[in-house]
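Visitor: Sequence:
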Amino acid sequence: MKKYFPFLSCVMVAAFVFNSLNAQYDSSFQTTYYGQKVTQFRLIADTEEDEIIFLGDSITDIAEWADLFKNYKIKNRGINGDKTFGVLNRLDEVTKRKPSKVFIMIGVNDIASNVPDSFILRNYASIVKRIKQESPATSICIQSILPTNDAFTEFKRHQGKDEHIRSVNKGLKQLALEQHCTYLDLYSLMLDTEGKLDRKYTNDGLHLTGEGYMVWKKALLDNKLL
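Residue numbers (mature numbering (1 follows the signal peptide of the UniProt record, and there is no 0)): -23 to -1, 1 to 203.
In case anyone wonders, no lab produced these hints; they're calculated from the structure. Note that the Cβ used here is the ideal one computed from N, Cα and C, for glycine as well. A hint or two may mislead.
Stated by the list, open to error - Using C-beta positions, here's what the derived DEER-type ranges look like:
hint: 1; residue 1: E131; residue 2: Q110; range: 30 to 40 Å
hint: 2; residue 1: D169; residue 2: E131; range: 17 to 27 Å
hint: 3; residue 1: D23; residue 2: G137; range: 36 to 46 Å
hint: 4; residue 1: L154; residue 2: D23; range: 29 to 39 Å
hint: 5; residue 1: K177; residue 2: D69; range: 32 to 42 Å
hint: 6; residue 1: E171; residue 2: D44; range: 30 to 40 Å
hint: 7; residue 1: R99; residue 2: N57; range: 20 to 30 Å
Said to hold, decoys possible - For lysine-lysine, the following DSBU-like pairs were computed, each having C-alpha atoms within a straight-line distance of at most 35 Å:
hint: 8; residue 1: K150; residue 2: K52
hint: 9; residue 1: K147; residue 2: K109
hint: 10; residue 1: K73; residue 2: K52
hint: 11; residue 1: K50; residue 2: K173
hint: 12; residue 1: K109; residue 2: K52
Starting from the given sequences, assemble the full structure and let the hints guide the process.
Guide: Here it is in structure tokens:
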């Protein structure tokens, strides 16, 4: 007599689909630079009252936030190359500091690594949930992912992903609404007439020059977020 195991078959199919999805994108984040930065962050034991944390990838990492705002309580927690997976892995270091505010911008490296938009938004929701649980008094600002400019060729994997960036930003705006967070649309402020990251604000099509950070600073001040 032929025996059937429908439940086992469903599990095997689900595992196959999950593994197939995983094979299509790169969720790794443990670079040597990541390790250098995280170990440093974890050893900084002292905290300032009412700290303000900027959390993200290289676009956050590059900025001199404390100097930009003349505020020594602003701490930079950007890591070059980081993804939503990496932020989740190191988020305890942020929440243990009980900051007054957290400004998040993460996701462009996930997009460049073909992580599905739904996975990015799922990770983002987990980031917000954990901050709320582990540091409930912290005000959260979700900042949109910035546009890119494919006229530059240095970061090819990040180019041609405009639709994904807009899709994730739409999801982030909705997440902010649902979770009672602030949403800051920096994407629109950085666009040129062709819908790309304006050359006035970049020299590689992905990262910002000083002029770009001045636009960012003005947006934060104009919205009374800092």
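Visitor: List in ascending order the numbers of the hints, as given earlier, that are violated by the structure.
Guide: none
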